[in-house]
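Given chain A's structure and the hints, the job is docking chains B, C and D with the ligands onto it.
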Amino acid sequence: MKKEFVRVISQKEIAHQIFELKVQGEVVAEMTSPGQFVHLRVSDSFQPLLRRPISICDVDLSNRTLTMLYRKEGTGTALLSQKKEGETVDLLGPLGNGFPLDAITAGQTALLVGGGIGVPPLYYLAKELTKRGINITAVLGFQSERDAFYKEKFAELGEVFISTVDGSLGTKGFVTDVLNNEDINYDLLYSCGPTVMLKALEAQVPDADGFFSLEERMGCGIGACFACVCHINGGEPSDYVKICSNGPVFPIGRVAL
Amino acid sequence: MKKEFVRVISQKEIAHQIFELKVQGEVVAEMTSPGQFVHLRVSDSFQPLLRRPISICDVDLSNRTLTMLYRKEGTGTALLSQKKEGETVDLLGPLGNGFPLDAITAGQTALLVGGGIGVPPLYYLAKELTKRGINITAVLGFQSERDAFYKEKFAELGEVFISTVDGSLGTKGFVTDVLNNEDINYDLLYSCGPTVMLKALEAQVPDADGFFSLEERMGCGIGACFACVCHINGGEPSDYVKICSNGPVFPIGRVAL
Amino acid sequence: MNKLSVSLPGLEMKNPIMPASGCFGFGKEYAGFYDLSVLGAAAIKAATREPRFGNPTPRVAETHSGMLNAIGLQNPGVDKIMENELPFFQSYDLPIVANIAGSTVEDYCEVARKISKHPQVSALELNISCPNVKEGGIQFGTDAATAAALTKKVKAVSSKPVYVKLSPNVSNIAEMALAVEEAGADGLSMINTLLGMRLDLKTRKPVLANKTGGLSGPAIKPVAIRMIHEVSQAVSIPIIGMGGVSSAEDVIEFMLAGASAVAIGTANFVDPYVCPEIISQLPELLEKMNVNHITELIGGSWKECGIPSLSR
Amino acid sequence: MNKLSVSLPGLEMKNPIMPASGCFGFGKEYAGFYDLSVLGAAAIKAATREPRFGNPTPRVAETHSGMLNAIGLQNPGVDKIMENELPFFQSYDLPIVANIAGSTVEDYCEVARKISKHPQVSALELNISCPNVKEGGIQFGTDAATAAALTKKVKAVSSKPVYVKLSPNVSNIAEMALAVEEAGADGLSMINTLLGMRLDLKTRKPVLANKTGGLSGPAIKPVAIRMIHEVSQAVSIPIIGMGGVSSAEDVIEFMLAGASAVAIGTANFVDPYVCPEIISQLPELLEKMNVNHITELIGGSWKECGIPSLSR
Ligand SMILES: Cc1cc2nc3c(=O)[nH]c(=O)nc-3n(C[C@H](O)[C@H](O)[C@H](O)COP(=O)(O)OP(=O)(O)OC[C@H]3O[C@@H](n4cnc5c(N)ncnc54)[C@H](O)[C@@H]3O)c2cc1C
Ligand SMILES: Cc1cc2nc3c(=O)[nH]c(=O)nc-3n(C[C@H](O)[C@H](O)[C@H](O)COP(=O)(O)OP(=O)(O)OC[C@H]3O[C@@H](n4cnc5c(N)ncnc54)[C@H](O)[C@@H]3O)c2cc1C
Ligand SMILES: Cc1cc2nc3c(=O)[nH]c(=O)nc-3n(C[C@H](O)[C@H](O)[C@H](O)COP(=O)(O)O)c2cc1C
Ligand SMILES: Cc1cc2nc3c(=O)[nH]c(=O)nc-3n(C[C@H](O)[C@H](O)[C@H](O)COP(=O)(O)O)c2cc1C
Ligand code: FES
Ligand code: FES
Chain A
1 MKKEFVRVIS QKEIAHQIFE LKVQGEVVAE MTSPGQFVHL RVSDSFQPLL RRPISICDVD
61 LSNRTLTMLY RKEGTGTALL SQKKEGETVD LLGPLGNGFP LDAITAGQTA LLVGGGIGVP
121 PLYYLAKELT KRGINITAVL GFQSERDAFY KEKFAELGEV FISTVDGSLG TKGFVTDVLN
181 NEDINYDLLY SCGPTVMLKA LEAQVPDADG FFSLEERMGC GIGACFACVC HINGGEPSDY
241 VKICSNGPVF PIGRVAL
Chain B
1 MKKEFVRVIS QKEIAHQIFE LKVQGEVVAE MTSPGQFVHL RVSDSFQPLL RRPISICDVD
61 LSNRTLTMLY RKEGTGTALL SQKKEGETVD LLGPLGNGFP LDAITAGQTA LLVGGGIGVP
121 PLYYLAKELT KRGINITAVL GFQSERDAFY KEKFAELGEV FISTVDGSLG TKGFVTDVLN
181 NEDINYDLLY SCGPTVMLKA LEAQVPDADG FFSLEERMGC GIGACFACVC HINGGEPSDY
241 VKICSNGPVF PIGRVAL
Chain C
1 MNKLSVSLPG LEMKNPIMPA SGCFGFGKEY AGFYDLSVLG AAAIKAATRE PRFGNPTPRV
61 AETHSGMLNA IGLQNPGVDK IMENELPFFQ SYDLPIVANI AGSTVEDYCE VARKISKHPQ
121 VSALELNISC PNVKEGGIQF GTDAATAAAL TKKVKAVSSK PVYVKLSPNV SNIAEMALAV
181 EEAGADGLSM INTLLGMRLD LKTRKPVLAN KTGGLSGPAI KPVAIRMIHE VSQAVSIPII
241 GMGGVSSAED VIEFMLAGAS AVAIGTANFV DPYVCPEIIS QLPELLEKMN VNHITELIGG
301 SWKECGIPSL SR
Chain D
1 MNKLSVSLPG LEMKNPIMPA SGCFGFGKEY AGFYDLSVLG AAAIKAATRE PRFGNPTPRV
61 AETHSGMLNA IGLQNPGVDK IMENELPFFQ SYDLPIVANI AGSTVEDYCE VARKISKHPQ
121 VSALELNISC PNVKEGGIQF GTDAATAAAL TKKVKAVSSK PVYVKLSPNV SNIAEMALAV
181 EEAGADGLSM INTLLGMRLD LKTRKPVLAN KTGGLSGPAI KPVAIRMIHE VSQAVSIPII
241 GMGGVSSAED VIEFMLAGAS AVAIGTANFV DPYVCPEIIS QLPELLEKMN VNHITELIGG
301 SWKECGIPSL SR
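For the record, the sequence lines run as chains A, B, C and D. The first sequence begins at 1 in UniProt numbering and counts up by one. The second sequence begins at 1 in UniProt numbering and counts up by one. The third sequence begins at 1 in UniProt numbering and counts up by one. The fourth sequence begins at 1 in UniProt numbering and counts up by one.
Relax, there's no trap hidden among the hints.
Covered stretches of chain D (in silico footprint by chain A; criterion: 3 or more residues with CB under 8 Å from a CB of chain A, positions within the stretch not fixed):
no.	region
1	26-33
2	52-59
With a cut-off of at most 27 Å between alpha-carbon atoms, the simulated DSS-like pairs for lysine-lysine come out as follows:
no.	chain 1	residue 1	chain 2	residue 2
3	B	LYS22	A	LYS84
4	C	LYS202	D	LYS288
5	C	LYS202	B	LYS199
6	A	LYS172	D	LYS202
7	B	LYS84	A	LYS72
Derived from the structure by calculation, the hints contain no laboratory data. Every residue gets a Cβ at the ideal spot worked out from N, C-alpha and C, and that includes glycine.
Same shape as in the complex, but just chain A:
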């Protein structure tokens, strides 16, 4: 965990309002665990004031390059999208705990389910799992065709199913519809996406083993401010985990969604 001004290598819009940002810096050497995130300061004024959490989407350790994918939403990501090659970004990271890679063994199959801007961390995960001889099946959900990204990239690593809400690409509906329609076998489930999606997934495959990556509004991103706290299933009412420092990845069922 470090704070560093990393250098922008490239920035491009790869889908509607979805940007792929590559940066280079010493700190990237530490980014070995898929599912971790970084906390970016996008302005040197106090507008916006807080950092923005963005997942690690891909890492090239050989040249210390980090790839992030983000959706241009509000002030912060709009400013981020204006960063040009050669400019720097204030990066704090890597933060949190990633997806356990040793919960599954070579030859087994991992199902990766991603929704929208929850897809990015699954890509680095897919690459690392594949490296370890694990088979990958990915189910990726988007709003519509223009919002979809990284389909081909995942296809290089394993089987890919796409769902779009409007049916413009792949199955019409949600990722859960894909799971209903297709007969997918897997040993472990990894998922990241909006809480509604994770809830639907939990309801549909209640016995699945695996890991969810969660989101919450953050203050510090490092566990100091108690902004991102969640209840624990079956715990005391005062028991909690912090998404930023205990997560963002948790075993399925651990955290009350």
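The following block gives chains B, C and D with the ligands in isolation, referenced to the frame of chain A:
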């Protein structure tokens, strides 16, 4: 008076922390009166919140180019100094009332006394007066040689005396020392600079006819907020003028310095 | 149909937008930028019984996303305002809110009595919240009983509806609001500026000659929103909301919080066209939000669910 | 000679800088970034009698140059804090300020009695100003008599000096300060957050699940400065100043206003290294200002001229 996003033509540091900024826009066509100023918004966030008043230093009406000179001081001028060719600046202006040009007739001599960043508006004035056949003598005061600028430009229009506080260029001391040492004849005095300088000048040449350009912290720049108000010499205690809209140029003696 | 019209006591407004008092002079300057008739209304600079020069300069200082001012209620006095400033608005079609201030109850009453009779004035705004004068103003604004007594007296002599402008520098804003409502106020204006200060590291003294000043601008918006949210649920008179408004989205936020109209102060200095620009952006924004008429938004943050929120 | 050392009741500080309560957890996280022993002191997250989960999420929202938080005093309770959190500081050389909160006088006293005995605790900070819990906290912070009574009781049971943390959401901060000084407070902490709110235009509801939250960050700095300027002239106990500090220049401004030490909250989220960075910048800044020892700055905005300023 207009609000326009003018385009930056060039920006360069011409002396220590002194920048020359040229911009182009339709609004420049209105900038026919030396001594007026413009009000610049240097950021589209609220940091800084307020506009910055900067004098008109030179105008090329043929290609609608405005030249401004400014000293990099605080947040606002620091941001301004980062503007690059091709970028735009939000400009409101021209504001206020300039130096009367018809108070002096062809063949007469105008003495222009400028201190530091009060020098810029005198340059456009000098050019316009010269055009009208008026002789120019300029006395320009700076901190030291590295802070001095536009000496040659003024020299093209008339005689120039320089003072520097440390004596590194011209007379050691203040503009008032130049006036003491040299025997300068003139019919009308125009001056712009820090209030202490204007006060010293008023004391030294109490009978001089002419005009002073004043400065005050501004809110609106257009006469609406009452931030920039001054007392009038010999008026009622509640009498006032607004520097932004009644000035910044006033007949010598009118305003309580 | 005009989707933007709002109707408040004394103020039939084409739209809910008005420049805030002290940020619009007496209108002339902004008339150089746009036709004032596009505005919903306009609040003019505070009027006092006698002319006032105000405080020494510097009178303004910047802060993060805000500014401090200590103008000190400079104005030519009520008589000259009525004679020289108000007739100017005859050429425009918009209701004028006359902001009034004073050091004593008698001052306020005298100004209110006079100016409320002026044909150009549609309503009064009782400024009991100016933090920038030593006497007058804020002491009326921080004690509920004093505020109520003043409101009652001013109501008795005013021939136009009276809005009381509340100070945010209080422990209990709802108590203040209820007291002046009870005393007969026709509406509320809120918020005035927060008391603030900035020091100059070089001189080691306050930047403002008056030392303290009133904090306005985007920095105070969250304070304004929470106070309007609280007060609008406590009173039944309408609120003119203000404090840091600088966009059409901000206007919607203030109305959802509970404001019936919205005043814009500091943002006029940043962009003199801000009022007409916001007015022109509102219809599209309403369409996006599926709102037929802007009044549907008033109090929308607490009304829809029917549960009065416990905001303290 | 250490030009930065300051000495306050119970707190011998190498420098005037401490992280503010609630913005530093219980220290462990920041220990991953730097050696905590460089800090002048540290204030830990509020302790209550029983464990508290706090408010539902979202608990934070951004505003212009500021943020709102409604954590709701989440903490594992005083016993667990003493057992599991405080011993961590044994490995560091810095005084710890224990922030305490409660719903009743008994709560406060119980927590104070216990935690003041802990060897790692050098002073208590009585949080009577948390705007984010329904009961406890802020009602003690807006009434002078209640605040004084609580202070007296806590002083009676505490074996360490007690700083009372004042709320800025009051009409008369000097009155509050004088009341708690009179009641025996050893020092003051000010300011806590301003009550604020933000609405989400899509949902039309408050962004925070708790509806209102506490406004912190650079936006509130001018409010903090003016309150410290006023209170430091009214009381003779030292003030730990805070509210929007994010640079070494800000620290100087707070000390000139009248603070004897300076706490940094929100800025830690923007930059986890902000405290050590400011500490390392202070000596050069003092040199530039021709100051031999940082304590010379305390109250410098009003002391030098000898005339107590009338800031209201
Ligand atoms: C662990 C984690 C990983 C993330 N990874 C990615 C990613 O790889 N790509 C991506 O596009 N987005 C990601 N997000 C969401 C991303 O942080 C938000 O979209 C972003 O902060 C929005 O900022 P903004 O200024 O554009 O929007 P605004 O709406 O202006 O933001 C206002 C505030 O809300 C917060 N916020 C807004 N949306 C979210 C959200 N969904 N989750 C948390 N905070 C939010 C912002 O951080 C900011 O504090 C991640 C979030 C978390 C918690
Ligand atoms: C009519 C007029 C014409 C001017 N012309 C020029 C010019 O041609 N070139 C030039 O370099 N400067 C000029 N100035 C001064 C210039 O406006 C300030 O130097 C500038 O605003 C400083 O802004 P900042 O953000 O860099 O400094 P900061 O110190 O960060 O500014 C803080 C605030 O103080 C105000 N302020 C600071 N210094 C001054 C000042 N001297 N006068 C008025 N307001 C000030 C700023 O506008 C801002 O609101 C002029 C001022 C006036 C009133
Ligand atoms: C320069 C200035 C002068 C003001 N003068 C007055 C005034 O005379 N009377 C009054 O009631 N409010 C006055 N105010 C307060 C504003 O009307 C408004 O309540 C406040 O600034 C908050 O709104 P804003 O953030 O949009 O500026 C003044 C504000 C500013 C900035
Ligand atoms: C997330 C957060 C949590 C806080 N928790 C506490 C707390 O537990 N006890 C307390 O006295 N103050 C708490 N505060 C207030 C800060 O200690 C400080 O007084 C305030 O934030 C102003 O300083 P700043 O602008 O530097 O943040 C909290 C502030 C924030 C932002
Ligand atoms: S964001 Fe601060 S504890 Fe998680
Ligand atoms: S700056 Fe507003 S009146 Fe002059």
